[in-house]
Amino acid sequence: MIVILILVLVTGAGLLARRVGHDRAQRRAMAEDGVTGDLRGATAPADRGSRTKSDSHRLGYRYADDDIFINGNGVYAGVVLATQTDEYATRSERADMALQPASMAQSLVQLFDGKPVECHELVRYRPITTHGWARHLLELCWHPTELYRVLLGRAADYIATSTPQRTWFFIVRLGTLPPHRTIDPTAGITDAVLGVQQERLTEQDLVPWWDKAAAFHHLMTAYRGEPLSRQDLLWLIRKPGAGHLVVPDEPINHQRPWRDGWFELAAQLRGRNLGGGYLRLQHRNPETGQEATSYTATLVVADAPGRAVFNPRNPWGQRLAKLANPPEISWRYTLLGSEDFKRVTTKAAANIRDEEKDRGKAGAPTDSRFAARLQQAKDIEDSAEEPPPGMVGRLRLSVSAPTPKALAAAILDVKRAMGEIQVEVPSHAALPLLQEQLPGEAGVGLGSLSAGRSGGIRLWERYTDLYAPSVALLGSHPQIGDRVVTDRGRDLGWLGHPIGWVKGNGSVVHTDPVAQLARGEGAGVGIFGRSGGGKTSLALLQFFWMSESGVACSALDPKIDFANFVYYLSFGPQVLDPQFMRDADAGLLGTPASQFQPVNQAFWDETEIHDLARGPRGAQDPWRITETFQAGYSLAETLLEVLFNDPGHRRIARSGLRTLYTEHQAATAAGQPYRCGLGDLVEPLHADHEQLLADLEQARARGGDTTGIRAAVQDVAEVLDRIRTGQDTPFLRLMLGRRDDPPPAEHRLRRRTIYTLSGWRAPDHPDEPEKWTSADRNASAVMLAVLTRIRRDNLHGRLESNPVTGQVAVRPTATFCDEAYMITSIPPGRAHLTVNLRQGRSYRSLLFFMDQQARGIQQIENEARKGGGGEVNQFGTVFCFNQKTLGEAVSSLRLLRSVTEDEIEDDQREEALLARKLLSQDLGGELSAGVCAMRDPDSRVATVKIDQIFWPLQCASQTNAVLKPVDWANPVPTDPHQWLINPEALDSVRRGGRGSDLPKQLDDEEDDELTDAPDLAVTSR
Amino acid sequence: MPEQDIFSDDYTRMVNYQSRSWMFGDDVSLAGMGGIQWTAAAAAAAVSAAVTVLAVLALWVGTVSVWWALLVPPAPLLWVYARLAKEVSGGLTELQRLRLQLHHRWQQPEHFNGLTADTEPTEFCWDAMFWRAGRLRSDANT
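From first to last, the protein sequence lines are chains A and B. Reminder that position 28 of the first sequence reads as 28 in the working numbering, one-by-one numbering, no gaps. Reminder that position 132 of the second sequence reads as 132 in the working numbering, one-by-one numbering, no gaps.
Quick caveat, the hints were computed from the structure, so don't treat them as lab data. Cβ coordinates follow ideal geometry from the N, Cα and C atoms, glycine included. Take these hints with a grain of salt, some might be off.
[What the hints assert, rightly or not] Derived Cβ-Cβ restraints for the label pairs, each shown as a range:
#	chain 1	residue 1	chain 2	residue 2	range
1	A	E910	B	L102	27 to 35 Å
2	B	V66	A	N73	42 to 50 Å
3	B	D5	A	R369	24 to 32 Å
4	A	H136	B	L102	36 to 44 Å
5	B	V66	A	R453	49 to 57 Å
6	A	T186	B	W79	55 to 63 Å
7	A	K884	B	D5	48 to 56 Å
8	A	Q290	B	D5	51 to 59 Å
9	B	D5	A	R761	37 to 45 Å
10	B	D5	A	R453	57 to 65 Å
11	A	N960	B	D5	31 to 39 Å
[To be verified] Partial list, computed: chain B residues near chain A (C-beta under 10 Å):
#	residue
12	D5
13	G34
14	A50
15	T52
16	A85
17	E87
18	R132
[Stated by the list, open to error] Quick list of in silico lysine to aspartate or glutamate cross-link-like pairs, EDC-like style, CA-CA up to 16 Å:
#	chain 1	residue 1	chain 2	residue 2
19	A	K357	B	D27
20	A	K342	A	D413
21	A	K378	A	D413
22	A	K357	B	D5
23	A	K361	B	D26
24	A	K342	A	D367
25	A	K361	B	D27
26	A	K884	A	E926
27	A	K415	A	D577
28	B	K86	A	D577
29	B	K86	A	D922
30	A	K212	A	D66
31	A	K322	A	D413
32	A	K212	A	D113
33	A	K964	A	D577
34	A	K884	A	E910
35	A	K347	A	D379
36	A	K212	A	D65
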């Protein structure tokens, strides 16, 4: 007996000693992985030697196409949900957004006839890796230049390196694939022996599921869900195995033939279990072949309050998204119909009620925790008549970082951000929880813990109503700009060129205003804000991309910004030469007579600049800027109405015009060509004057009353003098062409036509023409001439043959109107812009309206609405740069949010709070130079950092007079491949948005911190 | 629905609640001992009995008086009851926690090399493979 006892004791001591040694080995292993300190409670990895254990298995994926995928016996379909842009949304609007998941869940319960619906909601950060948008855009452009093609391609490469985008996936289990009948009884045996199972899916097997998936996808279109493609699925499978590392979208390139098909290796998830709930993931970079490491842990919900109230300003989904290292979310839940959920809750409620009675009898003390449960039980009983549906959810937050230290910090951040919802890293389930991240059943090897067909691990479950996802607002992620819209196979919306980044999260902002027209939105693009905010730079950026894509762009340029932009891009630093502008004024640039030759000849050849103050006489003569004599005659009549205030003077001028008309008729009858200009009025007026002088002499000789004749002579002389002296008067001289002027070159609409308005100013009393001075009349008349020319060029709607594709279409055009208040202050200007806004959609003509205040846009929009089409925003896109006062900011906010006077917010305080964001940073707002609030054609509003991307574009759009000489001293490479990219804007968005420790940057710093990392198990408590 | 009305009720605490009896029969109040959780009590009694039987056997083998075994039951009884009857913490009941630990100890994947595993695997390598037939989707069948 004693011997037996000794044996037992010795065996026990041996086991104990071995255990101690084993723990030491673990400590060593963890230390090598950068994890030190207390390991109690942590799962022990085995020795590195013979006891290393390995879990190698094939995940249950069997089949996937663009509609469904099969994992195990489960058939799934999914969608990629559009995120919600709620940056400038009011509380009630956010509430509406929040209700989307609840509404979606109820629709799904109905779609599945009240049966339980297994859902999997995933939030992942996905890099932009597709260049498809750029190819598609090139196909849709009117006539892109080589410069455009090269720069667009480079921009596409560049934005592929930008911040990964928060993407919201929603997957539903459609049902269970029935077991296939065994055709070949030996196949099962060989499959078992070889460990390879041959799939036997037939079209018959899949058709019912495709139909079911179609119904699901159709339902989800109401929630802006796009079907989950096979490519999306592959990415989703690969992502959990990469942690924080970037996983590009790549097709499968590992295939192995097997019988009458082949196996494709879609993903390989590899790593090491560090114990304590932490994993070290190994991921091979497909491009470099290098191994990279990521540390990851999954947090589960340990406890949550009985009632979570939606916080519209700061829901937990948004709080997580704002973290420097935001976690990815996997939320599996089973939606239960009313009856099923009632069965779960009623039983529990009945137990509580029984205990309540027992407590009463026993005189048990009050217990607040029991009281809370009792209240819920009573609520359940109260709703017994109409029991609500519910869900059993398993929320997991997955955090990854390049070092254990960063991971520990990220876990702490997540715990803090979740507030009352207690989350923790469980120490015994790292691998099952990783497996649970994978879409599909993901229950292999979980044994009794498997959640069965709902997938994953049946622990840390929460029983809630359907509003649990609503409270989170997981879809909050501002995205703005173009989106793809197709209608019966036709492109109505596409992604345009990039103009910047959403400030909060780094999303790329694509904006091609031509797509706005295709979608039937208003023809206007409003840009407003105080000087120095960046509105001109944005306009110049759009002017560049659009004109190079083939849009015929005209610009009214009062500050010479557009002209300078073109001069610099065409001639580079030559613009700094004092002689340069003299040659420009003389129209010599680029000609053999000038020393200045373009570095970008093609760009310069497609540009036409008219200087209204210094341009050549007759450049805007009515017969020069119109196609026919009649059109010129009609315009000349209108111009004379503006130029002369006195009715007598107008009559005299019109009589001269009639003489020209008579001459034209005679010449046409004789079959002779006829040319004239407004300056040729001098001849008939001079003849009239001579005649009147002769009449005056005769009258005097007769001794009669000469008062009337003298007055007539005086009037004619005044008109004659106006026309004669006008040939040297600024603005007026441009309209006074002569028949002996060199004939104009054949009209060709260039990519860029710029009208510089240096020195031009609107009349002091724009709506009272009788008070106008001669200078006011000259300025107004020349503006009328220019607007007529723009109208001829842009608002014609003529079909023409596309120079690239040969297809017949209307060439898109655009007018850029800087300091638009100057143009709208005169009635013809206002009328022209109103017509452009109202009819632009039909003529495929855009109007860029730039003003300092929102009021200008609102006025012109209201005028355009009065003329018809009042139900559509005349300004499809609006950019608001920083505002000076809160009053202006409120007005701007209303414009951005399309709030009319009748719909002004009830909650003025909230409106003021939102409007404050539009103030400049020095006034406590959020907008700085180059940062604006944008409203897109879908009425989404977000803060955008404008990015020219390329240095030459940035230098060219410099409008600060002090900085111009500095920036313009940089050369403009002739080869667009040599144009340098300036990453400043993207970097600033990364720093300001989600912190600096972004995946791409983190790659470089990993491993450096491994040696002094703290204990994960301790810091994550 | 106005935003102030949006909330979500979490019934987990109620569903996972292990109810207690506060009366023994119609007359005896158990309020003094904080009620009794019968499932935990039964489990504790079973464990306690098992341990006592083992103690009796050990004493008998050791030729020591088996009456000493009467000292054994209270400790496991109280310990097991206290563990099982306590409020759910960390999102897991004690039984769930036990299941997780048992799974962790005994039921880890043994697909290829893990047949002798006595802890969860150190290394893992999971492959996601799709079978693709010789023809494409419209005839994605064999």
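Checked hints:
1. E910(A) / L102(B): 27 to 35 Å: Cβ of E910(A) to Cβ of L102(B): about 54 Å, so the range 27 to 35 Å is violated.
2. V66(B) / N73(A): 42 to 50 Å: About 56 Å separates the Cβ atoms of V66(B) and N73(A), which means 42 to 50 Å is violated.
3. D5(B) / R369(A): 24 to 32 Å: holds (26 Å)
4. H136(A) / L102(B): 36 to 44 Å: Violated: the Cβ-Cβ distance is about 55 Å, outside 36 to 44 Å.
5. V66(B) / R453(A): 49 to 57 Å: holds (52 Å)
6. T186(A) / W79(B): 55 to 63 Å: Hint holds: Cβ distance 57 Å, inside 55 to 63 Å.
7. K884(A) / D5(B): 48 to 56 Å: Between K884(A) and D5(B), where Cβ atoms are some 39 Å apart, the hint is violated.
8. Q290(A) / D5(B): 51 to 59 Å: This hint holds: roughly 53 Å between Cβ atoms.
9. D5(B) / R761(A): 37 to 45 Å: Violated, since D5(B) and R761(A) (Cβ atoms, about 57 Å apart) do not stay within the stated range.
10. D5(B) / R453(A): 57 to 65 Å: violated (34 Å)
11. N960(A) / D5(B): 31 to 39 Å: violated (51 Å)
12. D5: holds (8 Å)
13. G34: holds (8 Å)
14. A50: At about 19 Å, which exceeds the 10 Å cut-off, the nearest Cβ of chain A leaves the hint on A50(B) violated.
15. T52: violated (20 Å)
16. A85: Hint violated; A85(B) Cβ to chain A Cβ min 13 Å, cut 10 Å.
17. E87: Nearest chain A Cβ about 7 Å off; hint holds.
18. R132: holds (5 Å)
19. K357(A) / D27(B): holds (14 Å)
20. K342(A) / D413(A): violated (37 Å)
21. K378(A) / D413(A): violated (37 Å)
22. K357(A) / D5(B): violated (32 Å)
23. K361(A) / D26(B): holds (9 Å)
24. K342(A) / D367(A): At roughly 26 Å apart (the allowed maximum being 16 Å), D367(A) and K342(A) break the hint.
25. K361(A) / D27(B): Within the cut-off at roughly 9 Å; holds.
26. K884(A) / E926(A): holds (12 Å)
27. K415(A) / D577(A): violated (62 Å)
28. K86(B) / D577(A): Violated, at about 86 Å.
29. K86(B) / D922(A): violated (57 Å)
30. K212(A) / D66(A): holds (13 Å)
31. K322(A) / D413(A): Since the Cα atoms of K322(A) and D413(A) sit roughly 10 Å apart, the hinted pair holds (cutoff 16 Å).
32. K212(A) / D113(A): holds (13 Å)
33. K964(A) / D577(A): Holds, at roughly 13 Å.
34. K884(A) / E910(A): Cα-Cα ~19 Å, so violated.
35. K347(A) / D379(A): holds (13 Å)
36. K212(A) / D65(A): Given pair K212(A), D65(A) holds - Cα atoms ~14 Å apart, limit 16 Å.
Hints 1, 2, 4, 7, 9, 10, 11, 14, 15, 16, 20, 21, 22, 24, 27, 28, 29 and 34 from the earlier list are contradicted by this structure; the remaining hints agree with it.
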